[in-house]
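J.: For chain A, the structure is supplied; the task is to place chain B on it using the hints.
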Amino acid sequence: MRCLSPALIVAALMSSAACGGNDGTPDSPPIMPDADLGGPVVVDVTASQPPLMLSSYRLFRWDPDVGFAFNDRVVPYDLNTALFSDYALKQRAIYVPPGTSATYDANESFELPVGSVLVKNFYFPLDFRSPDKFPKLIETRLMVRYPDGWHPLPYTWDAFQKDAVFNPSGEVRPISFIDAAGAMQTSTYLIPQRNQCEACHVKQTNTSQMTMTLVGVKARHLNRIYDYGGSTGKKNQLDHLTELGMLSGAPASAQITPAYDFRPIEANGVAALPPAEIETAARAYLDINCAHCHNPLAIQGDTTQLFLNHDNTDPGHLGVCKRPGSAGMGTGGFTFDIVPGNPEMSILYFRAHTTMVGSMMPLLGRSLRHERGGELLHAWIAGMPANPCATQ
Amino acid sequence: MKLTQLTSLIFGLGAGLAACGDNGDNSADAPPPTPDATPTFATIDCTKVTTAHCQQIASGDAAALQLAANSISDDTTIILDAGVYKMTNSLTLRNDGVHLIGQGLEQTTIDFGDATAQGNGVDVIGDGFLVQDLTVRDSKKDGIRVEDSVGVVFRRIRATWTTAGSTSNGAYGIYPVKSSNVLVENSRAENASDAGLYVGQCQHVIVRNNVVTGNVAGLEIENTQYADVYGNTAENNTGGIVVFDLPGNLVVGRDIRVHDNMIRNNNHVNFGTPGTTVASIPVGTGTFAMASRRVEITNNTYLNNDTVDIAVISGLAIEPTLASWAIETSKIIGNLDGLNLQPADLTHVMNFRGENIVIAGNTHTGSGTKPDFNDPLHLGLLLRAGSTPAPVDSVVYDAIEEDFDSTNPLLNSNKHHICVAGNTGGTFGSLDLIEQSQTNQVPFFRPAAPFTPYDCTELIGGPVAEVVLP
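Protein chains in written order, with the numbering used here: chain A, 1 to 392; chain B, 393 to 862.
Chain A on its own, in the form it takes in the complex (with noise of 0.2 Å):
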């Protein structure tokens, strides 16, 4: 079992106005120094049920004293630019069985081999202004590599802490927290029924198969710097499991070219980025916030032909002067996906940004505005050479 000294989030926010900063989403949180889960994971890839409790795995140990300490080959992770969903934070981490590894995938999620798992946690802290102190772990979602492909397995952690039962039903939760700024939030959480899990991870191999995917697992978004703490310290984290022999393939992480750091703008907003670097910005959000629908592949992106992934280069299928399909109210009263220069008149700004229910994008996780990303995508917008799209 590996052992890993505390990285405290407070070092991490003081460690570089570029890694972190006073944003409340830190690099790393508290790391256990000594993991004692009992013996080495246990995925059991052909039990006809998951396990009724996570603890079973033996993938990780949650104290809210203390943090997370995860167990040998899991090994923690973040993103560049992460989904928002109520400003939860999030710490993941990847398992590979011993004696395989993934594989390296230049633009697509790494192919990784049965009895593989990825762990996201969500948590929240009562004051993201001391976002170690008193946090709160609400759900644990696993992605279980079986034969027959990923199987979404949702938890849900107990009242004490202690450990999370599987919940297939989900459920609607108010959680109250303050912000970044010192003001009272309540989200109305989703903790994603089973079944919605397909919403984010469904793609289609051809128009008649569906298959669970992953979404985060990329390497444009693990192209960064982690703070791993003890003697490993600060790495990037293709290049740790290229060395831990949890990835193959994988070129040295300088020749790779990672999707935009949001920290920065989480903490700072994006009144000092250049415009060059808002179209940058502004494109991986939409990649990480909205293209595991808005995708070609996906059923959504296919039903509207709205298409946000990162590599799309077509002005219409981007939104510029698109109508929408079937929006109903989520036009809010407008006609064009992107109106160039004018994001007030752009249903995408206003989907992404109104918190009124059945016109909020994305469809499911956010109920509370990102005020950051909804500020970067005013500014890409308000950005383009203005267009009024209407001919009428």
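Please keep in mind that the hints were generated in silico from the structure rather than gathered at the bench. One should not assume that every hint holds.
Using 20 Å as the maximum straight-line C-alpha spacing, the simulated SDA-like pairs for lysine to any residue come out as follows [what the hints assert, rightly or not]:
1. B:K478 <-> A:E171
2. A:K90 <-> A:D179
3. B:K723 <-> A:T205
4. B:K723 <-> A:G325
5. B:K440 <-> B:A450
6. A:K235 <-> A:R92
7. A:K90 <-> A:D63
8. B:K723 <-> A:M210
9. B:K762 <-> B:A782
10. A:K120 <-> A:A183
11. B:K723 <-> A:Q204
12. B:K723 <-> A:D311
13. B:K807 <-> B:L733
14. B:K723 <-> A:T313
15. B:K478 <-> A:T188
16. B:K723 <-> A:Q300
17. B:K762 <-> B:T780
18. A:K120 <-> A:T205
19. B:K478 <-> A:Q161
20. B:K478 <-> A:P174
21. A:K136 <-> A:A106
According to the in silico footprint, chain A covers these stretches of chain B (three or more CB under 8 Å from chain A) [what the hints assert, rightly or not]:
22. 473-483
23. 553-566
Residues of chain B clear of chain A, computed beta-carbon distances all greater than 12 Å [stated by the list, open to error]:
24. N691
25. D737
26. T799
Yeah, the Cβ is synthetic: ideal placement off N, Cα and C, and Gly gets one too.
T.: Chain B alone, transformed into the frame defined by chain A:
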């Protein structure tokens, strides 16, 4: 005896009976009648299903329903006992072969009024889906959305919102989209802020014997191929039954039959969200076919639709930018044989034209007398201004891309093969929409039957075949 008194006689307690007998005049203060919880037909249980698995959910047990939805295997029937299931989140179904069956649309209700999470009501992706004998109420978005599925049946169900005419109602009630082999029958769709019964991007569809009322668009067939729409009643919507293609969509609509429907009193105020396609529908529209091809509108009864009974419109009327209609030929879904779509360039075609349409044998009574003059595209105003003497003709054609003259049939073209000869129960008028919208000065062309040059009677390529589902 008043109905309310009768109700309290039947359902009330002894005290209620006494009160009723004491004072027959205070019936206005009587509590609303208690819904009869007893089904009016044979109830269903797990001994009577055709699937391999079955789960029966006790009355009102929303948690059990949610758990079942997320735990079942393929080929499972979920039986809902009579009662109201108050959901806090969407009911999401992702297995193949799921049957969701209640005890009748007056008996079993899945209610999303208290849902705090955004989402559709019943949200389905899965082949072989059937929903039957229940009501879905007050969804945040769509009532029952079934997407990307093969073999879909909606039978004796209702999708509704409690508050009539509210823009904050969900968009679509019954909503199969991007699916094939779809049957919607004996169902009701009410009070949707967009379309009550919406069939979008589907292939091989039968929509029969349904009632759509209180919606902006009652029954909508959009970007769909091979649809039979008959025996339905569309009443008190802004627009009754509409058929159209939207720009940029990869399914080019074709082969739609709208026949033997009742389309009346579709004069509901338009409460669609501004910016949506349906927000442009003039109040009092019976049917329009826009950017559609190979459409038959026959033997329907049109009654008291204040603006117009039937309008045939080019897609350019709502989206004049040609480039918006260009779709990549290699990516188009479905059958293009014989459609002869207009090329945009070597690799794209355009589907904005309304063409190859037969309108015949409909009856027209009392319509076109009070055209809307507030619709955002001013279509109602154009019809009003051009229809002298009133009323607006039963069938109106916008003549975009056609040669137009107000009086001489020889100077009017029918390039788009719009056939009205068999519709002798109504009148016909065409307008030069482009000219009209700029000057309002050009009178309509209003020929007498057989409405030469629109006097053809058959579709190019032969009649639309009856849809037969497997």
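J.: Each hint needs a verdict: does it hold in this structure or not?
T.: So, going through the hints one by one against the coordinates:
no.	hint	verdict
1	B:K478 <-> A:E171	14 Å, holds
2	A:K90 <-> A:D179	16 Å, holds
3	B:K723 <-> A:T205	15 Å, holds
4	B:K723 <-> A:G325	17 Å, holds
5	B:K440 <-> B:A450	17 Å, holds
6	A:K235 <-> A:R92	16 Å, holds
7	A:K90 <-> A:D63	15 Å, holds
8	B:K723 <-> A:M210	18 Å, holds
9	B:K762 <-> B:A782	9 Å, holds
10	A:K120 <-> A:A183	27 Å, violated
11	B:K723 <-> A:Q204	15 Å, holds
12	B:K723 <-> A:D311	19 Å, holds
13	B:K807 <-> B:L733	13 Å, holds
14	B:K723 <-> A:T313	17 Å, holds
15	B:K478 <-> A:T188	17 Å, holds
16	B:K723 <-> A:Q300	16 Å, holds
17	B:K762 <-> B:T780	13 Å, holds
18	A:K120 <-> A:T205	25 Å, violated
19	B:K478 <-> A:Q161	29 Å, violated
20	B:K478 <-> A:P174	18 Å, holds
21	A:K136 <-> A:A106	36 Å, violated
22	473-483	holds (count 3)
23	553-566	holds (count 5)
24	N691	29 Å, holds
25	D737	14 Å, holds
26	T799	29 Å, holds
Hint compliance for this structure: hints 10, 18, 19, 21 are not met, and every other hint is.
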